[in-house]
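Trainee: Here is how the chains run, residue by residue.
2 protein chains.
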Amino acid sequence: MTEDATQKFKPENLLHFTIEVFTHFNIPRDHATLAANILALSDIRGIDSHGVARLYSYVGLLSEGLINPNPKIRIVREKKSIATVDGDNGLGLVVGHYANEMAMDKSEKFGSGWISVCHSNHYGIASYYSLEALKRDMIGWSMTNTTKLVAPLWGAERMLGTNPIAIAFPGLKEPPVVIDLATSAAAYGKIEIAKRHQEDVPSGWIIDKEGGLSTQPEDMINGGALLPLGSTRDLGGHKGYALASMVDILTAVLSGANWGPFAPPFALRQEMPSRSVGKGIGHFFGAMEIDGFMEVQEFKKRIDEWISVMRNTKPAKGTGGVLIPGDPERMEEIKRKKDGIPLNASVIADLKTISEQTGIPFPGNLGQ
Amino acid sequence: MTEDATQKFKPENLLHFTIEVFTHFNIPRDHATLAANILALSDIRGIDSHGVARLYSYVGLLSEGLINPNPKIRIVREKKSIATVDGDNGLGLVVGHYANEMAMDKSEKFGSGWISVCHSNHYGIASYYSLEALKRDMIGWSMTNTTKLVAPLWGAERMLGTNPIAIAFPGLKEPPVVIDLATSAAAYGKIEIAKRHQEDVPSGWIIDKEGGLSTQPEDMINGGALLPLGSTRDLGGHKGYALASMVDILTAVLSGANWGPFAPPFALRQEMPSRSVGKGIGHFFGAMEIDGFMEVQEFKKRIDEWISVMRNTKPAKGTGGVLIPGDPERMEEIKRKKDGIPLNASVIADLKTISEQTGIPFPGNLGQ
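Chains as they are written, first to last, in the numbering used here: chain A, -12 to 355; chain B, -12 to 355.
What the hints contain is simulated information worked out from the structure, not anything from laboratory work.
Bear in mind that the values here come from a model prediction, so they are computed numbers and not experimental data.
There's no promise every hint is true.
Chain copies aren't distinguished; within one or between two, either way the pair holds.
Stated by the list, open to error - Think about it this way: if two alpha-carbon atoms lie no more than 20 Å apart in a straight line, the pair counts; the simulated DMTMM-like pairs of lysine to aspartate or glutamate are:
(1) Lys301 / Glu144
(2) Lys96 / Glu65
(3) Lys66 / Asp92
(4) Lys66 / Asp124
(5) Lys196 / Glu282
(6) Lys304 / Asp206
(7) Lys67 / Glu88
(8) Lys287 / Glu65
(9) Lys177 / Glu144
(10) Lys122 / Asp291
Please construct the entire structure, taking both the sequences and the accompanying hints into account.
Mentor: Below, the structure written as structure tokens:
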């Protein structure tokens, strides 16, 4: 079986396995369930890089005592609709969930709520938090800083993470508009896949260690960097760099976390930063009550119409036409709910290693 | 004198001329002064497209009674930290200023303030509003929707504006980080300049009317469109489209303004939308008290360090190295305060036409 061949698994089985693994590492069952559900959501929506594939990294950090399995998450500073939260070095999935809840509770009280979080770890997919806000008729924002991978425009080294921005808006009959984007031109996973396939990558994704544009994945992996969204100065690379900076400042400078190149790694195999300028990594959550701006049904109807108009844009020749943000993940969700979650050989091997270490049985696959 | 040759003018003289022109069109002097100052800020920061060069368009709309010179700006719905504001079809520069003030006042009271605005017009540079927030030790957000120019990814027609996002963060000894970016790959002005020079534009800026990539400015001007930031699917064009959508929804769907392709034009010569789905165009302002998250001096010190670390990134070969968002405008400001504001022949001709219409003397230039 090659690296890219996949076997399919029942979502519930992977979820159950993940809960047991987290529990094995002394994470309270309610937290373990929460965290496992966020990874499962990622898998079901087709964002493979942020699902159960990450469990091995979480386990590595938990085994080494680098993540606190039972954090006391607390507000360290506050003024009505805003606050800074210290995640006590818990799982980012758990810290993120509770900080996002705090933002929504504030929103209920003050019309909006905004939480900057320090002392946390990798929090999964950014859109999980925005989707939670939809359940309460709120508009939910979510951002996080991440381990350095991206060069600022005209820089030749990794200084920023892929720092995603997520926000979601509910429709009435239409599904929600779900925006979730990394502020880099491409994901690091795509560079690794290209390397494995010995393929070139498009010009505009990466630079080599001198800062020159490259199409060779090795050039990025060996000391180069990802480019920000927009890629080059001509195509707006300064804008992607500015967006990544915005996320870095809101999540980490403002909360007291480690910003920029000092964000700690999300896996043991990664390089440790040269110094610490704060606590853990940072997140930023926002929630706004739709009802404070406009009657909720009216807003949802307007979103439905917006979706319908955008979807009916004249299609560009040779394409399937315009999609609505969130469409690809929703389509993948329908498929995966039916067919199961595909995992590749390397992820399966990692999970089997965890199974051996912990004695928790790894579930069987659904056949080919 | 060719179109691109410039003459230089004293900032104060242009400011004074602009105030008198606005006043001539029955705008109260305090509003006229406010609006003129925003255009002057744009000119001094080197954002020529949004400065006094726009006066001719404003005058055109005012002459035709399409902008209300004396708006009653009012809150139409509110819940503590959030509100929707109706700009009563005033100058966007005036409506924007007052709505931004409301966001800051709410922030003082509730830790943060968020205002979605309908029934407004073009509001100048997005960063003006974020810079105002710095004066009150707040983090200021500003967005607006604009006349359609941009195609959603895989679309072949103009459906969204260049919908900018601005946010600013104060330094202590360092100047602030000032982020202000259109969510399109390039500005429309650049396409017009390329056409005038009979030059090609980079691939990734525009599409023709069938949605195909083009490097011929005419292809965009004659029924084509700008591409969103990220340009193509490979380089992340879906992300720029998602960001433009976010801005469109927060500014216009949420406020009750005209969204997407229905945003009214900012100049008489532009096409009128096929229908109306709300009132005027929309803005979105946010303000957050830094002090509610972190002690203000501490935050500013952390920003100083962030700036210093980013500035010291190893430079990419053949470049001058990494800039901080806001650097180019700040450098231009220093230069223009000394040398004056350069205006090109076409802008000067427009301003002289206004001078003839109104009898307000157009100031002399500073010589070549």
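Trainee: Indicate, hint by hint, whether the structure satisfies it.
Mentor: Structure-based check of all given hints:
In the homo-oligomer, the alpha carbons of Lys301 and Glu144 lie at most 20 Å apart only across protomers (6 Å), although the nearest pairing inside one protomer, at 41 Å, exceeds that limit. When the C-alpha separation of Lys96 and Glu65 is checked against a cutoff of 20 Å, the pair qualifies both within a copy, at 14 Å, and between copies, at 13 Å. For the homomeric pair Lys66 and Asp92, the shortest alpha-carbon distances inside one copy (14 Å) and between copies (14 Å) are both at most 20 Å. Taking the shortest alpha-carbon separations for Lys66 and Asp124, only the inter-copy value of 14 Å comes in at or below 20 Å, while the best intra-copy value is 23 Å.
Taking the closest pair of Cα atoms, Lys196 and Glu282 never come within 20 Å of each other, the shortest separation being 53 Å inside a single copy and 38 Å across copies. For the homomeric pair Lys304 and Asp206, the shortest alpha-carbon distance between copies (15 Å) is at most 20 Å, but the shortest distance inside one copy (34 Å) is not. Within a single copy, Lys67 and Glu88 get their C-alpha atoms as close as 15 Å, and across copies as close as 19 Å, so both meet the 20 Å cut-off. For the identical chains of this complex, Lys287 and Glu65 are inter-copy neighbours only, at 18 Å across copies versus 32 Å inside a copy, given an alpha-carbon limit of 20 Å.
Taking the shortest alpha-carbon separations for Lys177 and Glu144, only the intra-copy value of 19 Å comes in at or below 20 Å, while the best inter-copy value is 30 Å. In this assembly of identical chains, Lys122 and Asp291 lie within 20 Å of each other by CA distance solely inside one copy; the values are 17 Å within and 39 Å between copies.
When held up to the earlier numbered hints, the structure conflicts with hint 5 and nothing else.
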